[in-house]
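Colleague: Given next are the chains, with one letter for each unit.
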Amino acid sequence: MSPKIEIRGFNFFYRDFHALIDLDLLIPRNQITALIGPSGCGKSTFLRCLNRMNDTIAGTRADGRILLDGDDIYAPDVDVTGLRQRVGMVFQRPNPFPQSIYDNVAFGPRVLGLASARSLDGIVEESLRGAAVWDDVKHRLHDPAQALNPGQQQRLCIARAIAVKPEVILMDEPCSALDPVATLRVEDLMQSLASDYTIVIVTHNMQQAARVSHQTGFFWLGRLVEFGPTGALFRAPRDPLTEAYITGRRG
Amino acid sequence: MTATPAESAVPPEPTAPPRAARSSRLLAERVIEAAIALAGVSTVVIVALIFLFLLRESTAAFLDVPLRQLMGTRWYPIEGLFGFLPLIAGSLVVTIGAVVIAVPLGLITAIYLGEIAPPSQREVLKPIIEVLAGIPSIVLGFVGWVALAPLVQQLGATTGLTALTGSLILAYMALPTIISISEDALYAVPKAYRDGALAIGATQWQTIWRVVLPAARSGIVIAVMLGIGRAIGETMAVMMVTGNAANIPALGPGLFLQPVRTMTATIAAEMGEVQRGSLHYSTLFAIGVVLFVITFGINYVAGRLIGASGGPRRRGQL
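Residue numbers (this note's numbering), protein chains in the order written: chain A, 1 to 251; chain B, 1 to 318.
Excised from the complex, chain B in its bound form:
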């Protein structure tokens, strides 16, 4: 069973593997490399294909509806009026509202969890917050409809189904993403930076504000962008609580207390009723193209923001 000391002391002579075995290993290596490359490239190809598909289905809209009308302020498909502006405005208002609520709240929570809360609290709170991310959006739609809408109505709106209701629900949906990813980013900041700042005589808050947050900047930008992405792409919950009126909301103090209709909700609500191949059908795809371009724009801006930060650079994020 056991080797004698004399045996174990002499290592076996390293022998070169036979030529056939070596070439088969080389082949395996090539296959693996090719498979990895394929997986990487396929993501890009799929995104490109999706975009091409959207473009193909929406060609009719872009060709047959004058651009002037697409930029118009009235969305009445039955009457042949396909103005995107109310829908874009609806998405914009709801998303901006959600971001304004979710980003500060999410960041503050992340700072509390990552920097201030004792480890025991962090270990309890973080998994719970991550579970929130898994709540189906339709369930949040119910909550918005039943619980939030009456409260919003009390703020002076004619109906409880408004942009603000949508923003609140979306903020709630984006929060777990923002908290969890920015907390990870804070957590990844080396303790040596905190020690360095504290050892100079900085307070805890100065250390967080001037050293830890800037060092975590790229991760925090990603967190915010993913949160916004979640908000702008969300459909069901928003459809349930924003009132679905395709009007451009009037600017002013009541901006958020008006019913709006988002791009996503329009596609979801009308897709089932249009005749395949009709102009209306094609216009819905055109909305998809607009949404796609907006998302791309957001990601591009995020990439630039990350690139401009002084922290460690990781190109090509998002």
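Isolated chain A, as found in the complex:
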């Protein structure tokens, strides 16, 4: 099967700082790819390149190619909002809008004009079910989203992301603000989403990477040191840096 995302000779700069250096990797379709590495190694920057969220930061520059189903997402004629509909994102801290639970999920379909008012209810329910948060909220869809606990908020944000039927979901340390129980629920959710979506997750938690992902990439100072099937990378890392990091001697 062809890869979902193909990264070829990709470099990224914050003004003069060379944040990502010569990245080459293939992100497989309908799998979970985990990116690990110490703080500041570039893994989050890389994630935000995949839906061009870094465009919102002044003074950034990308070089090289990122192909989504074979099309370069950095090509000059790319519609960035269309790209972001295809490549959704879940952030480190749950960030539901200060609106009702329903309006949060309906936001994407509304702004993208995906649904008539009648089918909107269906999309909202389907997305909340898909994000395993429907049972928590079905009786209070019009309550403020801020009233939910952090774990529910994060699953609501996942529901909000899948409501626009993306192909890829990027997750930037999605569990770092959650307690262990909420973390496990989100991890279960990721596993069940993987059959329909290509998921890329940045995590600080190596056990999490080992538990949920099929592929793991290890970033170090802006470079991708090692990339491969998760089991092999954790059991028998090829690079001494990777080994030092996952055994806790570096980082």
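The hints are simulated quantities; they were obtained by calculation from the structure and are not laboratory data.
This structure is a prediction, so every number in the text was calculated from the model and none was measured.
Any given hint might turn out to be false.
As the list claims (entries may be wrong) - Pairwise CB distance ranges (calculated):
no. : chain 1 : residue 1 : chain 2 : residue 2 : range
1   : B       : Ala250    : A       : Asp55     : 54 to 64 Å
2   : A       : Gln146    : B       : Arg304    : 17 to 27 Å
3   : A       : Ser116    : B       : Thr203    : 18 to 28 Å
4   : B       : Thr158    : A       : Ser116    : 51 to 61 Å
Quick reminder that beta carbons are idealized off the backbone N, C-alpha and C, glycines included.
Please build the complex by placing chain B on the supplied structure of chain A, with the hints as guidance.
Modeller: Frame of chain A, contents of chain B only:
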């Protein structure tokens, strides 16, 4: 000079402060709390006192002038006619005009500054706009008199000193407040909300309109209310440019092109000429009471609007 490692490694034993020192610290704490409480309560007391003072000075007007006459359409104090309606209408027309001009313009400017302008522009523009707020109103009165009035006259008014002239000046005075406070409110909206919206595929404008503005709603309502408050309470500039005719403006397309007289201008213009303790004197205070009640009403409505919004609630604003 320097402590040896052995010394610095052992922290001094924490010892309980002597009883006397502890009770004096407790006393200090109480004093500070009392002082803070006093400061908080005194604001309320002062507002209440001002209102009582206004009421006392205006009692004669409310007792001696029949309510029917106070609600009347003619303000001729010399003839003993004290109808507030023309003055209320004057204030209303000028204020509404100012709000209609200043609120959209102010909001659009705030959105530009907060959401669209590059930081370098924002850093230059915002302080300049805030300086505008410091221009003495009498100076704006001059500008209105010299520069605006002739332009307004060209619109077809018999004189350049009209409600519209007043509205334009007031709008200009309210703009810095509206811009600055709503821009602060937009600025306070967490970047995470914008990122969330953009990451779904919303355009910048959809993000501003559907996420950022609603999230900043309470601050924007405050900005608008403070702007209106500034407009309705303003005296000098308005007195100079509205023509000061105590007539109820005729409704119609020329509504804003007629001279009017506001409540504040009436008080300011006539206070110096009335005999202390006369009925006229008392009536001017009664106008003050009306103004006070209107301002209170505006603040109450603002409070309700903020309370009804879905954003973070902060009770008791304004």
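Colleague: Does each hint hold? Answer for all of them.
Modeller: Now for the hints, and whether the structure bears them out:
1. B:Ala250 with A:Asp55: 54 to 64 Å: 56 Å, holds
2. A:Gln146 with B:Arg304: 17 to 27 Å: Holds, at about 21 Å.
3. A:Ser116 with B:Thr203: 18 to 28 Å: Between Ser116 of chain A and Thr203 of chain B, where Cβ atoms are some 21 Å apart, the hint holds.
4. B:Thr158 with A:Ser116: 51 to 61 Å: 56 Å, holds
Consistency with the previously given hints is maintained throughout, with no hint failing.
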